[in-house]
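Trainee: Protein chains in written order, with numbering that gives the first Met the number 0: chain A, 0 to 425; chain B, 0 to 425.
Derived by calculation from the structure, the hints in this document are not laboratory data.
The structure presented is a predicted model; accordingly, all values stated were derived computationally and were not measured.
One or more of the hints may lead you astray.
Treat identical chains as interchangeable: a pair holds within one or across any two.
[Claimed, not checked] Straight-line alpha carbon distances no greater than 27 Å define the calculated DSSO-like cross-link-like pairs of lysine-lysine that follow:
| hint | residue 1 | residue 2 |
| --- | --- | --- |
| 1 | 256 | 55 |
| 2 | 383 | 28 |
| 3 | 27 | 424 |
| 4 | 382 | 172 |
| 5 | 297 | 211 |
| 6 | 375 | 305 |
Take a look at the letters that make up each chain.
2 protein chains.
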Amino acid sequence: MAKKNLQTLKGFRDFLPEQALAREEMFKKIRVVFQKYGFLPLETPVLEYKEILAGKYGDEGEKLMYQFRDRGERDVAMRYDLTVPLARVVAQYQNELVMPLKRYQIAPVWRADNTQKGRYREFYQCDVDVVGSDSIIADTEIIACMAESLTALDITDFVIRINNRKILDAILKNSGIPKGKTVDAIRVIDKLEKIGEARVREELALLGIKTKGRQDLFEILNAGFEDTNDIEVKLAEYDGAGELAELVEILLEWGIKNYQVDLTLARGLDYYTSTIFEIILPDAPQYGSIAGGGRYDKLIGMFSGKDIPAVGGSIGIDRLASALEELELIKYDLVSDVLVCNLDEELEETYLRVTKDLRAAGLKVDFYYTSDKLDKQLKYADKKNINFAVIIGSDEAAKNEATVKNLMTGKQVKMKQTELVRNLKS
Amino acid sequence: MAKKNLQTLKGFRDFLPEQALAREEMFKKIRVVFQKYGFLPLETPVLEYKEILAGKYGDEGEKLMYQFRDRGERDVAMRYDLTVPLARVVAQYQNELVMPLKRYQIAPVWRADNTQKGRYREFYQCDVDVVGSDSIIADTEIIACMAESLTALDITDFVIRINNRKILDAILKNSGIPKGKTVDAIRVIDKLEKIGEARVREELALLGIKTKGRQDLFEILNAGFEDTNDIEVKLAEYDGAGELAELVEILLEWGIKNYQVDLTLARGLDYYTSTIFEIILPDAPQYGSIAGGGRYDKLIGMFSGKDIPAVGGSIGIDRLASALEELELIKYDLVSDVLVCNLDEELEETYLRVTKDLRAAGLKVDFYYTSDKLDKQLKYADKKNINFAVIIGSDEAAKNEATVKNLMTGKQVKMKQTELVRNLKS
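Chain A extracted, bound-state conformation (with noise of 0.2 Å):
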């Protein structure tokens, strides 16, 4: 085969080691925070049968969705989002879940978008759910754990934007916006943040929003709370203020500080149908929302035919592996801790027994399978990262003894053979 064609898909990535783990040690962090949070995993098959997802995401998500049809002659899709998947689960499971039902997925999904900006067509979502509950109890649990996660991830400086789709329906609806053209007013509003006010208010416009309306519009999206009883006298007659003041409230209670009400908040997708919110980092803003998520009543009982109501957030995580190696945050784990070198075939029994007594002591390992200079199992170690050489010679051996050689600072010691595991394990 030509070494040019040699090459992963337009919008697939291999992950090397080094990214591999730290993408790995981001999964499992991300985990330990959700399980805390009492979520609990569901994984559902990378292909359905294409009537379960075809439909569910707009003409446009149609166009994006990898389908074919197999040789069992059945039309198929590989999934497209976490979301569907989990509603066709609901839906068939009815009988065997314990509701809510707290579940999260990290796991991959496919579209063929165009691949500009960081946008890849194979990327992880990092999704938990609630499902089952009204309560907005289960709103603030969903931010207080993406939260968590992000602190968990040692990222300290994040803001969470919060805001209510029943109040921006209603500011929008005194606006004079004509009927229909709510949603796409909510799509021009989430542009806000890119193309400016000027553009949105003349965006507006052409939706059909009146001069009058344009300005009371923004009056009111620009306004700023003092407390959750600022909200409520502000907001008092558009529907929704009491669920939001009262979201803000149970934030506090968890310790939430790092909010921020901000009524032009819109997110996208037009299922949401009260609490949205999104995080974003104030170091990294061209990354722009790295989670983010809401309230969804109408959409999980898709299947069912009744509707569930059901709150999520999302972490995206390769935009946020992207922010965090800008921000240097990312911290790739030792590869391994100890290389046990090989200097002497003769030696070989010694140096297994080490290598099998320091990993019996749990430490990560390499070994040199073949003797060869010093020099290049050094520089192997180096490559790969590694913190501590063990150097037996003939002349240690002899003693029962090792050279402990710590790579990143050069220093090295001598010590029995039988204090190795004690002394690299601490």
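Starting from the structure of chain A, add chain B where the hints point.
Mentor: This is chain B only, laid out in the frame that chain A set:
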């Protein structure tokens, strides 16, 4: 959508929370062992250019591969195993990768196979490979790593069958097999366990091995060995005997005693070049080998055009999970540690504080969102396999107390709310 269509594709599965959690725990334990042995993760995409995968798995594999033309008119295929993508990675990044590459990958693959007998069309492979070393220590490390993974899963009773393809080839050659029939003969011998010696003899006769040859063949195949010396003596005339003896010797140095030299072990795949092994559970022989692998020095170089030695092993995680379930060795972790009950809307703030504190202490905590009868909440906890319920009614609240009910024993204890973390953590 009609209810009947709410289903996964044939050969595809959902994993509901308990089962998903058990699998996640298995993966986690296996990863810890893989890393202790110095292996690192490597991730490749689910979709590849069809050209990369085509022609690598024989006619049968070709038929079972999920392949299609995407909207960009590219011929693509879903990965069929993790080894061919690994070979692509090795060729594509040869200047970046530190050799020997020790990588693991735990990921699903897809084969449109018939779905009898616990065979699925989407299933996980759990592979470790050492690429770029011809040291027999690498062979033993793969075997040791597989064995320790099983131990980490609390499997104490397993047998590692080992052999060397060179010996099998040489024995076959000695038996007078016609040129070009060796691979067929290996496939026949591989079925020994399933179809018995008599039928294997028949099939070998059909391949052209004469009566005397078949007799010689089975005499040596059925030979037993006392020790490594015995191997070298009895197999003196066969190429590969020295390698097998060395393999056994090093396994013993790793502390592995539950091996069995089995000259009838063939492993179906024809790409193995020397060491081969598989692991069986004597208590669940019906599941066949639950792990296996070997050395394949001619495969990884297929894209780079030069041979690159490699050895690897794979745990059949789906088969293993079924076997463990049957042996009652699957331990479903407690789904959450604690349920904080919700008896009185007025006490919400207290409940949230207690929930927050318990989570901050690292406990897995579920909170009952809406106040309800205690009975109903305890039933929920029971269904979700939760260990403790924290019960705070208005009486307890007035005294800053809480009742902790152990849901396994039914015992309940009253304590100060400030003592909850300490008591529940232990």
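Trainee: Taking the hints in turn, state whether each one holds.
Mentor: Status of each hint after checking the structure:
1. 256 x 55: Answer is neither; intra-copy 36 Å and inter-copy 57 Å both fail.
2. 383 x 28: both (23 Å within a copy, 23 Å between copies)
3. 27 x 424: The answer is both: 22 Å in one copy and 21 Å across copies each meet 27 Å.
4. 382 x 172: Neither. Shortest intra-copy (62 Å) and inter-copy (45 Å) distances fail the 27 Å Cα cut-off.
5. 297 x 211: For residue 297 and residue 211, neither the intra-copy (33 Å) nor the inter-copy (76 Å) Cα distance is at most 27 Å.
6. 375 x 305: between (67 Å within a copy, 23 Å between copies)
When each numbered hint is compared with the structure, violations occur for hints 1, 4 and 5.
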